[in-house]
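**Q** Now for the letters of each chain:
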Amino acid sequence: MEVTAYIDNLWILIAGILVMFMQPGFMLVETGFTRSKNSVNIVMKNFMDFSVGAITYWAFGFALAYGGSTLGGFVAYGNFFLEGDSTTYFFQVVFAATAATIVSGSVAERTKFSSYLLFQPFICGVIYPIVTHWVWSGQGWLSELGFIDFAGSGVVHMVGGFAALAGIQVVGPRIGKFDDSGNPLPIPGSSMVAGALGVFILWFGWYGFNVGSALAAVDVNLAAIAVTTTLSASAASVAAMYTSMIAGKPNVGMTLNGALAGLVGITAGCANVNNLGAVLIGTVSGILVVYSINLIEKKGFDDAVGAVSVHGICGAWGVLAVAIFDTTDGLLYGGTSLFLPQIIGILAIGGWAYATSFIVLKTIDNFFGLRVSKDEEIAGLDVSEHGTTAYGDFILKK
Amino acid sequence: MEVTAYIDNLWILIAGILVMFMQPGFMLVETGFTRSKNSVNIVMKNFMDFSVGAITYWAFGFALAYGGSTLGGFVAYGNFFLEGDSTTYFFQVVFAATAATIVSGSVAERTKFSSYLLFQPFICGVIYPIVTHWVWSGQGWLSELGFIDFAGSGVVHMVGGFAALAGIQVVGPRIGKFDDSGNPLPIPGSSMVAGALGVFILWFGWYGFNVGSALAAVDVNLAAIAVTTTLSASAASVAAMYTSMIAGKPNVGMTLNGALAGLVGITAGCANVNNLGAVLIGTVSGILVVYSINLIEKKGFDDAVGAVSVHGICGAWGVLAVAIFDTTDGLLYGGTSLFLPQIIGILAIGGWAYATSFIVLKTIDNFFGLRVSKDEEIAGLDVSEHGTTAYGDFILKK
Amino acid sequence: MEVTAYIDNLWILIAGILVMFMQPGFMLVETGFTRSKNSVNIVMKNFMDFSVGAITYWAFGFALAYGGSTLGGFVAYGNFFLEGDSTTYFFQVVFAATAATIVSGSVAERTKFSSYLLFQPFICGVIYPIVTHWVWSGQGWLSELGFIDFAGSGVVHMVGGFAALAGIQVVGPRIGKFDDSGNPLPIPGSSMVAGALGVFILWFGWYGFNVGSALAAVDVNLAAIAVTTTLSASAASVAAMYTSMIAGKPNVGMTLNGALAGLVGITAGCANVNNLGAVLIGTVSGILVVYSINLIEKKGFDDAVGAVSVHGICGAWGVLAVAIFDTTDGLLYGGTSLFLPQIIGILAIGGWAYATSFIVLKTIDNFFGLRVSKDEEIAGLDVSEHGTTAYGDFILKK
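Chains as they are written, first to last, in the working numbering: chain U, 1 to 398; chain G, 399 to 796; chain L, 797 to 1194.
Wrong hints could be hidden among the right ones.
Said to hold, decoys possible - Pairs of lysine-lysine, DSSO-like flavour, derived with a Cα cap of 27 Å: (1) L:1193 - U:398; (2) G:795 - U:249; (3) U:398 - L:1194; (4) U:249 - G:760; (5) L:1045 - U:397; (6) L:1045 - U:374; (7) U:362 - U:299; (8) L:1170 - G:647; (9) G:795 - U:398; (10) U:397 - L:1194; (11) L:1170 - G:796; (12) L:1193 - G:795.
Claimed, not checked - For each label pair, taking beta carbons as the anchor points, the in silico distance ranges come out as: (13) U:366 - L:1143: 54 to 60 Å; (14) G:542 - U:4: 37 to 43 Å; (15) L:874 - U:59: 47 to 53 Å; (16) L:1017 - U:344: 37 to 43 Å; (17) U:59 - L:942: 29 to 35 Å; (18) L:983 - U:379: 20 to 26 Å.
Rather than coming from a laboratory, the hints here were simulated on the basis of the structure. We treat Cβ as the ideally placed atom computed from N, Cα and C, and that holds for glycine.
So that you can see chain U by itself, here it is in the shape it has in the complex (with noise of 0.2 Å):
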């Protein structure tokens, strides 16, 4: 093998670890928007995620996604229990556990542990490896479109905000998230530093998403796609805190979620727009998450940290931006020609993740249960899953 591949493996390894450390910053800001009596039951969703991600992943994700052969670009096979193929394996693998952690978030406090751990396989196993066998493996039918997602915004983001989305209409809203009327209530989160902290840690892991999604060092300029990642995330955060004072004060839970929604909407285009393109989909980013948020509240859904809004819809716009920003066939560039495969990819992306997940979720529910009972909800999940609490020796509001 040669040096440069050595340099290229390097920093997928070092990339791949830091979209590993992304687990503990879903887990901190999941945490940390939702209530304390609920956080032991997050910590060990969050655990789950990872480690049953990482051994489905390998027991036959990886071989649906990247398996060698493929079943007409819809679905690979081969290499199950897979050894071999590493530096691929490490990089995904961290992927389809972020994938299902999105979903972890929006269903939060009130979904049976035992019936979420038997969604997780099917998520990192199945509904995700197949969507990266359509665009990432080479061999997929919406690559062959000329559908492009450099780091993810549609094959990870979307495919986490739309399995979220049937989550949350599987499992209901949360007792007390809506008044008799319907009107939406405020649920108070455990703490904002933790969210905070899950948000800097998401977004510090994000280098490893984008930068390393360019699957080399050698001949590529990896700094522009920091950059592009850097600018968009700001301006996103900027957008959502200024947004958010319409309604009144600057709001802590929209700014995190803004930068959240700017780092998502940058990842399919990071490699391809440049910078005044990112500032750009970073600032519409911020504005729609906020839009999006309170819109999807009012229709009567409970989405417990936003994460349907942030990863499903600024994971579309992210696909649909790469049309517009792409600096050599985007529209502002003069080019149309990637319109009909974005949109396609948004189609059959979201359509795909929602329906699969709704199905298994529903198949879930109607066998063994996919919601505590009301007691076990009002009591909190650590206490009725988990025998515990999170917070020993603090004193908490009943």
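Starting from the known structure of chain U, arrange chains G and L on it as the hints suggest.
**A** Just chains G and L now, with coordinates in the frame of chain U:
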């Protein structure tokens, strides 16, 4: 481009990612050392430090530091709304955000959010970039004099620390910090664990800060810089702990600030001193920071996190220490030629950062008010400025 | 120096930085699993573990491990107060601090701070360095026998874990850990979220620990090591969770310690086993740690965080597992030659760490007292040892 250049760029990228992660480090130190009722406000300031900083540095900060042309070694111009130069931008923008964030901690718990937002573009986009032009652009008047500041004890930390000094003068002490006779009173922080995590994160990120400042990975001894950094921080935290014991028990706040002081102290000379020099620089830093924090308090200033001492005073010490411990031209090795440029640098950087920050902050104060009202301060900035609380379901002291 | 050597050194540096970040991981696990009234004390011990460790290892620890000359393969000498050899020093010092920190957790909540400080130089500067000389110096008697411990299940984790066993024997159980009949009682931790964040940080840092131990990036398959590490930790956390369910609900403490057990278990063989071997090693680690924690408690020992089981017992299992799963000489591949050296290694390392730690701690106990008074323990070490509290404005249970 040569393969070696890609290796260099890869390291600068990774180092920049590590430095970016210092942002949550600062956030945790600041929230941990202050009261829960102001935690959301600190979170918001930290997010805006990085977000506004990144946009500002892209729009005009880079232009004033590295824009290409120079006005007499004092300020650059060119490359506004930057495209290209991604590696330099990315590594520099995380430094710019660091300089801004230092101020945030000192003025915590009483500063009006909207007014703080006005200050950020000045420090990230003007005050800091101009100092970098003096020292690191290859065109600056200070580097022409022979001034040495390898990674920024002066360029970054003194700028932040002396801007913070101006900040605490203009905004005044917190209600309850001094008794009627003017004696300082302790204001216990909300979480020493968060504070300690913050310091460890900063220490971790500092390897990017100091070792990354080599701006290369080939033909340099990177590990030597990591070792001097480690030894100085370690010696300083031990020294600060024992110094704190003169007045009583081993003090956690002083120990944590001691570690930071040792990191700031070695930053200027990390590539120019040997291991023994690093231990000595750190030891002095750790002792110095304890006396400085106590002295500043006794003088009636209220620095909520000790940042003036950590970054300002120990930054100056770090710059001066190069003249003593530099292994080729330092006093210990028979040289005296470095004293003049280092002292000029200390005076110029400290004076510039203090004076410009004072003018900007005083102007903001006159037009918009830099401080919240007495009622808002007592209620806490989270409620008054952001309409929320940080720890929704924890019961807190009044 | 060749370009490839710079690439190797760059990776070792980055890996060392990742391992350094394990310090706050340990700190969070230890504070999270114990009571709020002792959190500042744990913070202080962790800061001193790294700080005193770094100074000690510079002054004489490195000299006894890699000083150049050897006394019969038992101990090295030379290079006291090290200058040079920076790459080796930096990667090793973070390992030395890890070994020390493991002890800190087990003896938490009742150990006198000043006496603990006396122990640190022994473990970082003598006990651990001598074991590294045996195995990793190229001059040691254990490596001569054919003993394999790629990244330190024995050299680091067994040293820490068996020193911790000596520690909990000398210091005795916490007040309230056992009822009058000697049955163990639960002592709920202050934050399972902090504990979980700590475990995720350790997992993240472990990629530096294991993959960095290749001490190269060119001509090695780094990603394969990252994959075995991931699979073992994942299998172990799943296995520990299901094992904990035999006695009731899925237990968060056991799951978190399960992940750590899987990381410790794979550390010796991470470069010598395949993916299936890693899954099996992890599964055994996860089951083993649950039974070990319960057994140690039943025997009347009080290990506040389970470190003896995680690092000592699973460290021994990891060393032994190489003899079974090594893909060239392991039992599963028809070899038996590794059993003797691995068992000798387990006995030598465990016996050495236990015996030397016991002697040092017992001596400290006789001269200075290793334990705080009953009143101080009940009040909490934060107040009695450091004159402060960790969570200034939170209301805590008595």
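**Q** Work down the list of hints and note, for each, if the structure agrees.
**A** Quick rundown of the hints versus the structure:
For a cut-off of 27 Å, the pair hint linking residue 1193 of chain L to residue 398 of chain U stands: about 15 Å separates their Cα positions. Straight-line distance between C-alpha atoms of residue 795 of chain G and residue 249 of chain U comes to about 25 Å, which keeps the hinted pair within the 27 Å bound. Only pairs whose Cα atoms come within 27 Å are accepted, and residue 398 of chain U paired with residue 1194 of chain L is accepted, the gap being roughly 18 Å. For the hint pairing residue 249 of chain U with residue 760 of chain G, the CA-to-CA distance comes to about 25 Å; that is within 27 Å, so the pair holds.
Distance restraint check for residue 1045 of chain L and residue 397 of chain U: the Cα-Cα separation of roughly 25 Å lies within the 27 Å cut-off, and the hinted pair is therefore satisfied. For the proposed pair residue 1045 of chain L and residue 374 of chain U, the alpha carbon gap of about 19 Å is at most 27 Å, so the pair holds. Between residue 362 of chain U and residue 299 of chain U the alpha-carbon distance is near 21 Å, which keeps this suggested pair within the 27 Å criterion. Using a Cα cut-off of 27 Å, the hinted pair residue 1170 of chain L and residue 647 of chain G holds, with the two alpha carbons roughly 19 Å apart.
For the proposed pair residue 795 of chain G and residue 398 of chain U, the alpha carbon gap of about 17 Å is at most 27 Å, so the pair holds. Distance check on the hinted pair: residue 397 of chain U and residue 1194 of chain L sit about 17 Å apart at the alpha-carbon level, within 27 Å; holds. As the CA atoms of residue 1170 of chain L and residue 796 of chain G are separated by approximately 31 Å, the hinted pair breaks the 27 Å bound. Distance check on the hinted pair: residue 1193 of chain L and residue 795 of chain G sit about 13 Å apart at the alpha-carbon level, within 27 Å; holds.
Hint check: residue 366 of chain U to residue 1143 of chain L, Cβ distance near 56 Å, so the stated range 54 to 60 Å holds. In this structure the supplied range 37 to 43 Å holds for residue 542 of chain G paired with residue 4 of chain U, their Cβ-Cβ distance being about 39 Å. Judged by the Cβ atoms, the range 47 to 53 Å given for residue 874 of chain L and residue 59 of chain U holds: they are separated by roughly 51 Å. The supplied range of 37 to 43 Å is met by residue 1017 of chain L and residue 344 of chain U, whose beta-carbon atoms lie about 38 Å from each other.
Checked against the given bound of 29 to 35 Å, the beta carbons of residue 59 of chain U and residue 942 of chain L, roughly 34 Å apart, stay inside it. Remark: the range hint 20 to 26 Å for residue 983 of chain L to residue 379 of chain U is upheld by a beta-carbon distance near 22 Å.
Going down the numbered hints, you'll see the structure goes against just number 11.
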